[in-house]
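> Each chain, written out:
Number of protein chains: 2
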Amino acid sequence: MSSPRRKRAGRPPGTSDTRERILVNARELFARNGIGNTSIRAIAAASDVDSALVHHYFGTKEQLFAAAVHIPIDPLQILGPMREVPLEDLGLTLPSLLLPLWDSEIGAGFIATLRSLLAGDDVSLIRSFLQDVISVEIGSRVDDPPGSGPIRVQFVASQLVGVVLARYILELEPFKSLPVQQIAETIAPNLQRYLTGDLPGLS
Amino acid sequence: MSSPRRKRAGRPPGTSDTRERILVNARELFARNGIGNTSIRAIAAASDVDSALVHHYFGTKEQLFAAAVHIPIDPLQILGPMREVPLEDLGLTLPSLLLPLWDSEIGAGFIATLRSLLAGDDVSLIRSFLQDVISVEIGSRVDDPPGSGPIRVQFVASQLVGVVLARYILELEPFKSLPVQQIAETIAPNLQRYLTGDLPGLS
Chain A
1 MSSPRRKRAG
11 RPPGTSDTRE
21 RILVNARELF
31 ARNGIGNTSI
41 RAIAAASDVD
51 SALVHHYFGT
61 KEQLFAAAVH
71 IPIDPLQILG
81 PMREVPLEDL
91 GLTLPSLLLP
101 LWDSEIGAGF
111 IATLRSLLAG
121 DDVSLIRSFL
131 QDVISVEIGS
141 RVDDPPGSGP
151 IRVQFVASQL
161 VGVVLARYIL
171 ELEPFKSLPV
181 QQIAETIAPN
191 LQRYLTGDLP
201 GLS
Chain B
1 MSSPRRKRAG
11 RPPGTSDTRE
21 RILVNARELF
31 ARNGIGNTSI
41 RAIAAASDVD
51 SALVHHYFGT
61 KEQLFAAAVH
71 IPIDPLQILG
81 PMREVPLEDL
91 GLTLPSLLLP
101 LWDSEIGAGF
111 IATLRSLLAG
121 DDVSLIRSFL
131 QDVISVEIGS
141 RVDDPPGSGP
151 IRVQFVASQL
161 VGVVLARYIL
171 ELEPFKSLPV
181 QQIAETIAPN
191 LQRYLTGDLP
201 GLS
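Which chain is which? The protein sequence lines are A and B, in order. Under UniProt numbering, the residues of the first sequence are numbered 1 to 203, in order. Under UniProt numbering, the residues of the second sequence are numbered 1 to 203, in order.
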């Protein structure tokens with residue numbers, strides 16, 4: 001695989017500076033305006049480069065977001081397959097996909113990022129990810145009655161971030177050491193109820 | 001009401017220093033050894049004062065813990081009444097008591113403390129509170145089959161801290177603005193399932 005370095009013999013010096021500048025601007029714009037309201041073009045303009053260069057370095061907007069918050073995977077790699085899962089299996093599929101990921105090496109970086117974002121004043125990156133990406137991807141599938149999708153998804157998010165907190169940050173025992181499958185199966189019916197159950201105030 | 005200040009005319013100078021020294025030592029010992037394994041006597045000894053003075057300033061060990069982590073209420077004021085609630089009502093009673101508290105002025109201080117504890121490397125104070133106080137108070141009531149109590153309580157904790165995160169720290173909308181009663185009633189059946197339901201891996 002050829003790297004951008006080799007391909008662009010005539011590029012200006014300071015490629016890694018440029019990448020870093022794009023990431024800094026991306027983080028700032030995503031935080032200020034949300035993922036949905038931030039375009040690759042705006043990030044490119046703020047970074048004084050061409051949109052094509054941003055795509056070349058980082059791929060899609062979601063991939064750029066992942067790079068900006070140091071998530072070492074494309075969020076849509078998880079969220080894409082979720083589109084294919086039958087609605088009534090979402091409650092189990094969601095934690096079954098996420099927990100092994102969080103438990104992995106990859107997850108360690110994500111947990112560290114989550115923690116530093118929580119520590120800072122600026123949690124807008126997480127909020128935007130949950131509201132713009134998860135709500136759009138999953139919320140639209142469970143929007144019954146109409147308008148309930150975002151609320152359903154946010155209850156799901158509350159349980160999932162709570163698991164992250166209890167298992168990886170507070171490190172409660174025995175919770176921290178329970179098998180992934182046990183946690184996934186324990187929370188699955190509750191997640192499923194949030195997604196497709198009759199919830200107070202939604203009808 | 002007479003303050004300690006007025007009562008102890010002959011006290012050595014630097015009363016507020018003494019109080020602060022006790023709090024610092026309490027925080028350190030609670031964090032290092034947990035609440036259960038820390039005695040008022042040990043805190044008094046570390047602070048070079050008499051146990052009676054610690055009780056005089058702060059009351060019970062739980063009240064001292066609350067003061068040390070800036071929770072402006074006695075945790076047992078919440079947990080005490082929970083002992084009287086029928087088991088099958090715990091799932092609704094727990095969030096119905098906690099959410100108005102978190103929403104209040106009092107709660108703002110608690111959320112700020114939680115956040116700074118999460119930001120620091122040392123989450124052992126929260127962990128100890130959940131494991132030593134909540135698990136003992138509530139876990140013992142739902143320990144069926146025997147040994148399952150702490151796990152049940154930790155699943156409950158995962159949902160409750162997730163609500164705190166979503167509502168007060170991430171401030172997701174509309175979650176942040178939902179009426180307390182709607183959140184309490186929405187999560188109640190899920191909490192109840194964690195407390196008294198058939199859970200995978202526990203039988």
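Since the hints were derived computationally from the structure, they do not count as laboratory data. Misleading hints may appear alongside valid ones.
For identical chains, the list gives no copy identity; a pair is met inside one copy or between any two copies.
What the hints assert, rightly or not - Restricting the straight-line Cα-Cα distance to at most 20 Å, the calculated cross-link-like pairs of lysine to aspartate or glutamate (DMTMM-like) are:
(1) K61 x E185
(2) K61 x D89
(3) K176 x D143
(4) K176 x E84
(5) K61 x D50
(6) K176 x D132
(7) K61 x E171
(8) K176 x D74
(9) K61 x E137
(10) K61 x E173
(11) K176 x D50
(12) K61 x D143
(13) K61 x D132
(14) K176 x E105
(15) K176 x D17
(16) K176 x D48
(17) K61 x D198
Keep in mind that this is a model prediction, so the values were computed, not measured.
> Between the shortest in-copy and the shortest cross-copy C-alpha distance, which are at most 20 Å for K61 and E171: within, between, both, or neither?
Classified as neither: same-chain Cα gap 33 Å, cross-chain 24 Å, threshold 20 Å.
> Are the CA atoms of K61 and D143 at most 20 Å apart within a copy, between copies, both, or neither?
neither (25 Å within a copy, 48 Å between copies)
> For the identical chains here, do K61 and D198 meet the 20 Å Cα criterion within one copy, between copies, both, or neither?
neither (35 Å within a copy, 43 Å between copies)
> Quick one: K176 to D74, C-alpha cut-off 20 Å, is that within a copy, between copies, both, or neither?
neither (26 Å within a copy, 28 Å between copies)
> How would you classify K61 and D132 at a CA-CA limit of 20 Å: within, between, both, or neither?
within (12 Å within a copy, 45 Å between copies)
> Between K176 and D48, at a C-alpha cutoff of 20 Å, which is it: within one copy, between copies, both, or neither?
Answer is neither: 46 Å inside a copy and 37 Å across each miss the 20 Å cutoff.
> Tell me, please, which holds for K176 and D143 at an alpha-carbon limit of 20 Å: within, between, both or neither?
Classified as between; 19 Å across copies, 33 Å inside a copy.
> Checking K61 and E185: alpha-carbon separation at most 20 Å within a copy, between copies, both or neither?
Answer is neither; intra-copy 33 Å and inter-copy 38 Å both fail.
> Between K61 and D50, at a C-alpha cutoff of 20 Å, which is it: within one copy, between copies, both, or neither?
within (14 Å within a copy, 62 Å between copies)
> Please work out whether the CA atoms of K176 and D132 approach to 20 Å or closer within one copy, between two copies, in both situations, or in neither?
Between. Shortest inter-copy distance 16 Å satisfies the 20 Å Cα cut-off; intra-copy 30 Å does not.
> Up to 20 Å between alpha-carbons, please classify K61 paired with E137: within, between, both or neither.
within (15 Å within a copy, 48 Å between copies)
> Please work out whether the CA atoms of K61 and D89 approach to 20 Å or closer within one copy, between two copies, in both situations, or in neither?
neither (28 Å within a copy, 47 Å between copies)
Hint compliance for this structure: hints 1, 2, 4, 7, 8, 10, 11, 12, 15, 16 and 17 are broken, all remaining hints hold.
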